[in-house]
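Protein chains in written order, with the working numbering: chain A, 1 to 248; chain L, 1001 to 1154.
Hints listed in this document are in silico derivations from the structure and should not be mistaken for laboratory results.
Treat the hints with caution; some may be incorrect.
As the list claims (entries may be wrong) - In silico DSSO-like pairs for lysine-lysine, Cα to Cα no more than 30 Å straight-line:
#, chain 1, residue 1, chain 2, residue 2
1, A, LYS88, L, LYS1080
2, A, LYS86, L, LYS1080
3, L, LYS1050, A, LYS88
4, L, LYS1050, A, LYS55
5, A, LYS86, A, LYS221
6, A, LYS221, L, LYS1071
What the hints assert, rightly or not - With the Cβ distance kept under 7 Å, some of the chain A side facing chain L (calculated, not the full set):
#, residue
7, GLU52
8, PHE84
9, LYS86
10, TRP87
11, VAL148
12, HIS152
13, ASP153
14, ARG162
15, ALA163
16, SER197
17, VAL224
18, LEU239
19, PRO240
20, SER243
Beta carbons: idealized from backbone N, C-alpha and C, even for Gly.
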Amino acid sequence: MFTSNPFFVLTDFLPVFAMQAYIILMLVAVVAGTLLDTTHKGSALFFARRREEAKAAAQRQLSGLETASLAARTLAEAAVSGEFCKWKRRVSHLLMMYGFLLYVMTTIVMVFVYPADAQTPIILPLLWDLGALMILAGALWFFFFLRVNVVHDGDSPFHVGRADLFVGSLIGSTAFALIWHAVQTVANPAVGLLFFSLYLFFTTLLFVSVFWSKFAHMFYKPVVAFQRRVEEADGSSDLPAPSRDSMR
Amino acid sequence: MPTYTDMTRCDGCGECVDICPSDIMHIDPVYRRSYNIEPNFCWECYSCVKACPQHAIDVRGYADFAPLGHKVRVLREEAKGIISWKIRFRDGREKAFTFPIRTTPWGSIRPPSDYEAPAANSLGSQLLAHEPDALKVETLPTLPAFREEGGALP
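Modelling step: build the complete structure from the supplied sequences, incorporating the hints.
Shown next as structure tokens:
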């Protein structure tokens, strides 16, 4: 059941070209949404201005090797979600991040390389399902037990707002993706079509709502983290340097 | 000077919401990051500044007597028991201060929820909840007993 290419059944009523065009459209939507988001909020302008100010306040110039080392350390921190100070949020974020990478990459490979191939390598649909399960586990844990407004601000676990657009559409997309994949072999085509429609709706919502959701954080967070490391290294940071003393 | 949150640093952990004695640190419904909902009501106790693990909360003077353009940044190092402040004036001058933040290890004070709930008849007692044990009187330094001239110990 979970070893078949989930997109293979679509070739009965959809041309392969339509599936590939959909993925390209979603990629364009993400790029456009991210650009609109950073332009509308002025965050790109703010970041550029702050970078210029930091350059002017720098006490020393960093060498290429030092900059590369800072970039590597930023990537290493992002790879383990090291920016989170609470382990539960960190684990939940790691599940969602790596699940999302698996989910998206296997989708692209299956749609572009094996769209009409019933002999798709088993590992691809398995990884697609694993990615969706990882996202679902991390996102549901986060949604009901870790959201800061629920844990610290007294909101109900069922309280939903604009800030939940990203995690909500992610949950919808992966949950219906798994159900759709599961019912492909055990239910009639109408049920499959129903769950495919729901999967398509939430997936489209996830990618076209970048302007209103926090989707773009995966692009600008590492950039800001890198800039922060640069400022700490070249002496332009506003933060005090760590003390060499200890009061204990 | 009241506090404000740098949303690019905040990771939405909620520590400031829990610790604020004035209950003015809340979570933004759109960005899910903390913010000071009413700077006028800030006691300027800086509990949130010291509690923030991301150093995302700073202080900012009212514009009428502290024109914008300055920076007041804080770094808390709980393992060292130190808090450092860096003040950058509008003309570029800088001042730095380092203070001990507390005398006991960070996280060593038990919150009230860790103690057993007092019995109902404790309401009639003059002691506050968990006193005298929680006062740890036996660990306090004591003065030598007073002795009047030529007299005996009371």
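Verification of the supplied hints:
no.	hint	result
1	LYS88(A) to LYS1080(L)	holds (25 Å)
2	LYS86(A) to LYS1080(L)	holds (20 Å)
3	LYS1050(L) to LYS88(A)	holds (22 Å)
4	LYS1050(L) to LYS55(A)	holds (28 Å)
5	LYS86(A) to LYS221(A)	holds (18 Å)
6	LYS221(A) to LYS1071(L)	holds (23 Å)
7	GLU52	violated (15 Å)
8	PHE84	holds (6 Å)
9	LYS86	holds (6 Å)
10	TRP87	violated (11 Å)
11	VAL148	holds (4 Å)
12	HIS152	holds (3 Å)
13	ASP153	holds (5 Å)
14	ARG162	holds (5 Å)
15	ALA163	holds (4 Å)
16	SER197	violated (29 Å)
17	VAL224	holds (5 Å)
18	LEU239	holds (5 Å)
19	PRO240	holds (4 Å)
20	SER243	holds (5 Å)
Consistency note: the structure conflicts with the earlier hints numbered 7, 10, 16.
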